[in-house]
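Spelled out from the first residue to the last, the chains are:
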Amino acid sequence: MSGLEDLYREIILDHYRNPRNRGELDTPPAKRIEAFNPLCGDEVVVYLNVEDDKIADIKIAGQGCSISQSSASLMSQAVKGKDISAARELIRSFKAMMSIHESKLESTSSEELDEDQQVEDVVVNPEAMGELAALQGVVKFPVRIKCATLSWNALAQGLDEIEEEANSSK
Amino acid sequence: MSGLEDLYREIILDHYRNPRNRGELDTPPAKRIEAFNPLCGDEVVVYLNVEDDKIADIKIAGQGCSISQSSASLMSQAVKGKDISAARELIRSFKAMMSIHESKLESTSSEELDEDQQVEDVVVNPEAMGELAALQGVVKFPVRIKCATLSWNALAQGLDEIEEEANSSK
Amino acid sequence: MTSKTKLDSIDSTLQKEPLDVSEIRKDFPLFESREGAISESTHPPITYLDSAASSQQPRQVLSAMESYYETTHANVHRGVYAMAEESTRRFEEARSKVGRFINAPLPEVETVFTKNATESINLVAQTWGRRNLKPGDVVLLTIMEHHANMVPWLMLAAEIGFELRYLEITDDGELVIDDLEKKLEGVRLVGITLMSNVLGTINDISSIASMAHRNGAVVLADGAQYVPGMPTDVQALNCDFLAFSGHKMLGPTGIGVLWARKSLLEEMPPFLGGGEMIDDVRLDGFMPTAVPWKFEAGTPPIAEAIGLGAAIDYLEKIGMDKVREHELKLVSYAMNSLKERFGDDLTIHGPADPSRRGGVLSIAYKGIHPHDLAQVLDEYGVCIRAGHHCAKPLMRRLGVPATARASVYIYNDHHDIDVLSEALAKAGSLFGDAIT
Amino acid sequence: MTSKTKLDSIDSTLQKEPLDVSEIRKDFPLFESREGAISESTHPPITYLDSAASSQQPRQVLSAMESYYETTHANVHRGVYAMAEESTRRFEEARSKVGRFINAPLPEVETVFTKNATESINLVAQTWGRRNLKPGDVVLLTIMEHHANMVPWLMLAAEIGFELRYLEITDDGELVIDDLEKKLEGVRLVGITLMSNVLGTINDISSIASMAHRNGAVVLADGAQYVPGMPTDVQALNCDFLAFSGHKMLGPTGIGVLWARKSLLEEMPPFLGGGEMIDDVRLDGFMPTAVPWKFEAGTPPIAEAIGLGAAIDYLEKIGMDKVREHELKLVSYAMNSLKERFGDDLTIHGPADPSRRGGVLSIAYKGIHPHDLAQVLDEYGVCIRAGHHCAKPLMRRLGVPATARASVYIYNDHHDIDVLSEALAKAGSLFGDAIT
Ligand SMILES: Cc1ncc(COP(=O)(O)O)c(C=O)c1O
Ligand SMILES: Cc1ncc(COP(=O)(O)O)c(C=O)c1O
Ligand code: FES
Ligand code: FES
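Chains as they are written, first to last, in our numbering: chain A, 1 to 170; chain B, 171 to 340; chain C, 341 to 776; chain D, 777 to 1212.
A few of these clues could be false.
Unchecked claim - Cross-link-like lysine-lysine pairs, in silico, DSS-like; alpha carbons within 25 Å at most: (1) C:Lys657 <-> C:Lys437; (2) A:Lys146 <-> C:Lys706; (3) D:Lys1093 <-> B:Lys316; (4) D:Lys792 <-> D:Lys1142.
By construction, these hints were calculated from the structure, which means they are not laboratory data.
Okay, chain A solo, but in the shape it has when bound:
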């Protein structure tokens, strides 16, 4: 059962049971971004309020599995109040944590994975990610990786759009 306990860590279940920053924001001023997982039909909606290059507020709506919901909740906590650049850094780190493993898992069966090499390849130190590191267990379950990255993709898209709009109105 170790795999399962790795997936459903207590932090994840806690964020699933008690999602942080759940709700909606008025649009405008907030930006509303939907992310859809075609594999299961689930949807995460991210509301973003950016002021002075900072994520002033963030809310999460939508429905989905414990992984997608807790990941969104953890994300909202982690980026709220952060600079855009710091948020982007976090997105990169999080996706790296997921995607390095993802590509590995796709090309080799999980038993063949060389643990040392994995650690070496990881660009980010999971320790530096705080509570987000709890989601690391997801990489052992390739079909669930999309669940974990859903809200992060929405966030990235939202930041892109906000920066684009800011640039074009300059």
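Starting from the structure of chain A, add chains B, C and D with the ligands where the hints point.
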């Protein structure tokens, strides 16, 4: 090699090497019928001259394998000068010789064939068919049965058309 | 003496079971682990409850294919040599077997091999549909159709401009057919699944078909879920087309079937073009060959057809009546025991009456997301499917994004249901507090 | 010492053989009889010379499929449980293997699984063709095409009204391309077989493709015969589409491949509709999913894809350069030895230079009808194919209704050619006097 010797009996090779009634007839008065074997692309052309309900003359053209060519040659010899009704009887007998076996061979593998039952089922006595009985060996080679029946189908079609025309002009 | 009597009565109960599942399981290599040394394995034994997605294959099917490949594989048709003839014979024999299995009036002529049920339905849309449907016509489907019986019509409708209409369902998962006469107005084709892959509902189409025929419509039955578990008779069903797949009925992947009335097949233009489906080709045109080969362009799935033939042999040896009886018993047991154990924490979508259903149970349990449920169950070796089951419009009707579906087949027994039940309880305690 | 030297030189000749055929044959159950107790069998050992129609399958391929079925069969995609994940992983791994085998720039994205090469070509016609071709456009084919690369275009041309144009061949069986620039006028798609299944001719398409691209046309290569025997590199070939079949390259029946540039695949509308190929379905429309899955409606040929992957592993272990070298040697030997023995009694269609051909020899011998020839050869265990080989327009150009075709692959050796030669001589003496 016994199967092969059964297929390529001396009579068959003889009719293949020296086809009887080879050639064409003027149309009209003769009727021209083509029969086409889609499995191989071969074609037998039968020219029929019917006078007073008798096959006054018959010629064979076209090209094909030794079985189709010899069968056509043997057929032309057998029906030339015969009454339409006698020719039809012969067509029936010949097709019975082929088709009874054909359906058997399709539903059971050749080794499973019950020889006794076969003989019982045959409506015609191969002995009564004269030289045509030489073609009996073909039934052991299901894909070649179409070769043997090609010219006979053409003859049947020709007789049908001739009788139809006769009836409609009455 | 008393104990002897007792034993006897137990024996006779056992004998009353329609199938001897433990004997059957011996034919399925996947299940050896459960009978074998479980302790040596780090994985729990497999409790396979996903046959509605794809069934397992018995040795008999695998060895029919293997023996074909090892002794007489050659391309079919046109081959003069004995091996090619034998290959053709086995392939065509499989065709008649399949045709007879569904009581086709002309098994050898009316049975078309495709790669799956989906292709079979697309074939009907692209040939019969493209030729016969015009703007203003209507195709009548149901909202419980699998995407396989929706998307081909959506695609063609976008091209031609006919109307798509749908039969609704009751809250018990049954088709609403009170207003069928009205719904049939302008309808040229009715497409209905014989059994829902989500609700389990068995649709009695023969009366729908009669009414459709009176209105000049043809009827396509999607038998992908029905044919594997029910005695199937196309003449009694009164349909004009029947589509199904090999891999859901003990057969291999890569093979599907379209049955259609000969007269329809003959009218239909060809589907794909290429070898085997022509009598002649010239630089400026071609002549299609006779049915069913007209619809089988290129080298067909030969070994797969032979494998499906072996699957049918296997099913017929058991008897489709027995298969049906077995599934019914198992589904009844599952519905009762799960309801008893979990009460209102558990909802089973579809008809409450087990005799109205096939071997499929879509479950909603304690608000646990279906994917989480399936993930936890997997940890206990229980294989169920979570998702929209290629029936998104039905999901919307049910008001859920997905369901968790357990499905049974000939190799499942009461024990599998008990394991499922136990695993559900574990999931319940893991996620239990999440429910608000 | 002298004799030692002699032995050495023999050894080194043997070592120079590109393939160790007797080792390879041990992997093919069909050939066991030849090595085994022949006298016990009433049939002569099999001399299989019909791989151009369909190859045999090594144990490795059969056991890859069997092990899949026995340990981890489940429907692919969407499955949460481990077995379904593993099934998906093996299936997608096979896809990358296939893509890498033909040097696809994006192996995982550009490789579409179909049921055979024929379906692959139909897919291009029905999606790219139906979307892009208009009345007045031209599709340029060659008269040596297999029906698989003619009939789909004839069908579509009849519907849309574009023009079909053909490249002619020389008497040596080579494409006439002197007037290519002129022939390319108005052409939107060029469809060319990389190797003729009748003449054996290898068509160097890269320069044709450059010219076609300059004229704004896309190029579809039919690799059904080429891919099994030649190192294949879609980037060097410079084509836009490549179609081929698994069963001609040691793989199972029921699986084919379409490779296409990602940009083309993304522009193309879907082919068949159903499960797996959508992101969303509503009652009034649907959203196709990403490539390559957009083109794979329904349950795909899972085991067959895995079998094809194992076939590719097998071929790559040998090395495709070696496969090519072996076929070339064998064809040269056959052409020489048959010509030497039968002189003018024997004609071999196609290029006189063996290096211009693949492993296919279409023979005309002493005027003996191809079906009679194949029938007699079968009596000696020699399997060759007689017929039009699904190339009727080419037959008309050659002025014959059919040919007798022998084809070689990795498991054939000089001995097989000698047996063929001997059997031809027997046929010659049986029919000899028939020639006039
Ligand atoms: C050149 C060529 N193209 C296409 C095909 C069609 O292949 P399949 O029947 O596997 O679809 C063949 C096979 O005979 C061929 O030789
Ligand atoms: C009702 C129904 N129809 C059609 C299909 C499609 O079958 P396949 O994927 O084998 O084409 C399925 C399989 O999921 C099904 O359940
Ligand atoms: S299962 Fe849908 S997002 Fe996780
Ligand atoms: S092979 Fe063509 S008629 Fe016999």
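Here's how the hints hold up against the structure:
{"no.": "1", "hint": "C:Lys657 <-> C:Lys437", "result": "13 Å, holds"}
{"no.": "2", "hint": "A:Lys146 <-> C:Lys706", "result": "24 Å, holds"}
{"no.": "3", "hint": "D:Lys1093 <-> B:Lys316", "result": "45 Å, violated"}
{"no.": "4", "hint": "D:Lys792 <-> D:Lys1142", "result": "35 Å, violated"}
In summary, the structure is inconsistent with hints 3 and 4 from the numbered list given earlier, while agreeing with the others.
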